[in-house]
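Colleague: Each chain is listed here by its residues.
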Amino acid sequence: MTQQNKTIEIHIPSNMGYEKIAMESGAAVAKLMLFSDDRINDLKTAIAEACMNAIEHGNKTSPTEKVFVTLTVDDSKLQIDVKDKGKPFAPVTDKPDIKEKIEGKEETRGWGMFLIKNLVDEVEFSSQPEGNTTRMIIYLHK
Amino acid sequence: METKEMVTTEMKNGIVVLNMHGDVTPFSEKAVMDAYEKHSAGETQKILINFSNAKYINSGGIAIIISLVSEARKKNQKVGVCCLTPHFVKIFDMIGLSDYVEMYETDVEALQLL
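Residue numbers (the numbering used here), protein chains in the order written: chain A, -5 to 136; chain B, 17 to 130.
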C-alpha cells in the first residue's frame, strides 16, 4: 500500500461501546500499513480509551453530539485525532496509584490517558472553545 | 449496545472461577460483582478470573477487576487471572495490577497452582 497523506474520517455516536468502531477502523488501517500485531493491539487500546474519554468526559454521552476520529496515513506514521464537542476537561495524566485504588482510597477508574501515553509514540491533549482533541501518533519504524 | 451473558461462575478444585465473556467494560460491573459476591461467601479462599472468552477489555473493565481484587483482599482471598492475551498481560504489568494477582497463561495451570 502506498501511503501519502490518506485520510479516513469516522463519526461515532457519544455512547459507550461505539468506541469499538473507531478502534477496529484504526486497526484495519494500521494493518494495511504493515504495523506489527503488537503495535496494532497497542493502537486499538489507545484509540478506544481516547474515544471513551471523548464520549464520557467531553460530550457527556450527549445523544446530539458525535465524536470525530480522523486517521491520517503518512509514509512513516499513522496519526489519529479524536475530537469531541464538549467543554474543556483535564484528563488524568500522571500514573494512577494502583495501591491507593486497591486499598479503596481512590476510585478504581482513571487509567485512560495513562494507557494512551504508554501505548503510542506521541500523544497530545488540547482543549479549544469548540471541544477537546487527543492527537496520537505511532511510527512505523519505532 | 446488546447485553449478553457477561460472566458465568463455576467451582473447580475449591476455587471460584469467574469466566468473563465478550466485552469486559463498565457495563459488566454489576454482573461481575454480583457473581463474585454470590459465590465467594463462606470459606472461599481463592478466586480465579478466566479471560479465555473475553473479546474486549477496556480501562473501565480493568477498574472492575481492581474493585474485585480490593474486595477479595478484605476477605483475605487470593485472586488469580488466566488466559489474558499477551497485550493484556502487558497492560496488567503496566498499571501494576500484576503485583496484586497471580497471573497464569492457562486455566489448567491456574487451577493447579493458585
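Treat the hints as calculated values from the structure; they're not laboratory data. Some hints could be false.
Stated by the list, open to error - EDC-like, lysine to aspartate or glutamate: derived pairs with alpha carbons at most 20 angstroms apart:
hint : chain 1 : residue 1 : chain 2 : residue 2
1    : B       : K106      : A       : D68
2    : B       : K106      : A       : D31
3    : A       : K136      : A       : D68
4    : B       : K91       : A       : E18
5    : B       : K106      : A       : D91
6    : B       : K106      : A       : D88
7    : B       : K90       : A       : E101
8    : B       : K94       : A       : E97
9    : A       : K136      : A       : E124
10   : A       : K71       : A       : E118
11   : B       : K94       : B       : D109
12   : B       : K71       : B       : D115
13   : A       : K111      : B       : E121
14   : A       : K14       : A       : E50
15   : A       : K111      : A       : E59
16   : B       : K71       : A       : E18
17   : A       : K14       : B       : D109
18   : B       : K91       : A       : D68
Unchecked claim - Using C-beta positions, here's what the derived DEER-type ranges look like:
hint : chain 1 : residue 1 : chain 2 : residue 2 : range
19   : B       : N69       : A       : V86       : 36 to 46 angstroms
20   : B       : S68       : A       : E101      : 27 to 37 angstroms
21   : B       : R89       : A       : S56       : 48 to 58 angstroms
22   : B       : L129      : A       : K93       : 39 to 49 angstroms
23   : B       : Q61       : A       : L28       : 33 to 43 angstroms
24   : B       : E53       : A       : E97       : 48 to 58 angstroms
25   : A       : S30       : B       : E53       : 21 to 31 angstroms
Claimed, not checked - Listed next, the stretches of chain B that the computed footprint assigns to chain A, with coverage defined by at least 3 CB atoms under 8 angstroms from CB atoms of chain A:
hint : stretch
26   : 26 to 32
27   : 38 to 45
28   : 51 to 64
For glycine and all other residues, C-beta sits at the position ideal for the given N, C-alpha and C.
Colleague: Hint by hint, say whether it matches the structure.
Modeller: Here is how each hint holds up against the structure:
1. Under the criterion of a C-alpha separation no larger than 20 angstroms, the hint pairing K106 of chain B with D68 of chain A is inconsistent with the structure, at around 28 angstroms.
2. Restraint check: the Cα-Cα separation between K106 of chain B and D31 of chain A comes to about 14 angstroms, which is no more than 20 angstroms; the hinted pair holds.
3. For the proposed pair K136 of chain A and D68 of chain A, the alpha carbon gap of about 15 angstroms is at most 20 angstroms, so the pair holds.
4. A threshold of 20 angstroms between alpha carbons decides the hint, and for K91 of chain B with E18 of chain A the separation of about 39 angstroms lies outside it, so the pair is violated.
5. Between K106 of chain B and D91 of chain A the CA atoms are separated by roughly 17 angstroms; this keeps the pair inside 20 angstroms, and the hint holds.
6. Taking the CA atoms of K106 of chain B and D88 of chain A, the gap is about 19 angstroms. The hint holds against a cut of 20 angstroms.
7. For the hint pairing K90 of chain B with E101 of chain A, the CA-to-CA distance comes to about 16 angstroms; that is within 20 angstroms, so the pair holds.
8. Under the criterion of a C-alpha separation no larger than 20 angstroms, the hint pairing K94 of chain B with E97 of chain A is consistent with the structure, at around 15 angstroms.
9. Distance hint between K136 of chain A and E124 of chain A is unfulfilled; the C-alpha atoms sit about 33 angstroms from each other, more than 20 angstroms.
10. Distance restraint check for K71 of chain A and E118 of chain A: the Cα-Cα separation of roughly 15 angstroms lies within the 20 angstroms cut-off, and the hinted pair is therefore satisfied.
11. For the hint linking K94 of chain B to D109 of chain B, the alpha-carbon distance of about 18 angstroms falls within 20 angstroms, and the restraint holds.
12. Proposed proximity of K71 of chain B and D115 of chain B is contradicted: the alpha carbons are some 24 angstroms apart, above 20 angstroms.
13. Of the pairs offered as hints, the one joining K111 of chain A and E121 of chain B is violated, with about 27 angstroms between alpha carbons and a cut-off of 20 angstroms exceeded.
14. For the given pair, K14 of chain A sits about 14 angstroms from E50 of chain A by alpha-carbon distance, which is consistent with the 20 angstroms threshold.
15. Between K111 of chain A and E59 of chain A the alpha-carbon distance is near 26 angstroms, which puts this suggested pair outside the 20 angstroms criterion.
16. Note on K71 of chain B and E18 of chain A: the hinted pairing holds, with a Cα-Cα distance of about 13 angstroms set against a maximum of 20 angstroms.
17. Between K14 of chain A and D109 of chain B the alpha-carbon distance is near 23 angstroms, which puts this suggested pair outside the 20 angstroms criterion.
18. Taking the CA atoms of K91 of chain B and D68 of chain A, the gap is about 53 angstroms. The hint is violated against a cut of 20 angstroms.
19. Judged by the Cβ atoms, the range 36 to 46 angstroms given for N69 of chain B and V86 of chain A is violated: they are separated by roughly 31 angstroms.
20. Range check, S68 of chain B to E101 of chain A: Cβ separation about 29 angstroms, and the 27 to 37 angstroms hint holds.
21. For the pair R89 of chain B and S56 of chain A, the beta carbons lie near 38 angstroms from each other, so the given range of 48 to 58 angstroms is not met.
22. The hinted range of 39 to 49 angstroms is not satisfied by L129 of chain B and K93 of chain A, whose Cβ atoms lie roughly 25 angstroms apart.
23. For Q61 of chain B paired with L28 of chain A, a C-beta distance near 48 angstroms fails the hint of 33 to 43 angstroms.
24. Between E53 of chain B and E97 of chain A the C-beta distance comes to about 19 angstroms, which lies outside the given range of 48 to 58 angstroms.
25. The hinted window of 21 to 31 angstroms between S30 of chain A and E53 of chain B is violated, with their beta carbons roughly 41 angstroms apart.
26. For the stretch 26 to 32 of chain B, the assignment as covered by chain A is violated, since 0 residues bring a beta-carbon within under 8 angstroms of that chain's beta-carbons and 3 are needed.
27. For the stretch 38 to 45 of chain B, the proposed coverage by chain A is satisfied: 4 residues have a C-beta within less than 8 angstroms of a C-beta in that chain, meeting the threshold of three.
28. With 0 residues bearing a CB less than 8 angstroms from a CB of chain A, the stretch 51 to 64 of chain B misses the requirement of three and the coverage assertion fails.
Of the hints listed earlier, those the structure fails to meet are numbers 1, 4, 9, 12, 13, 15, 17, 18, 19, 21, 22, 23, 24, 25, 26 and 28, in rising order.
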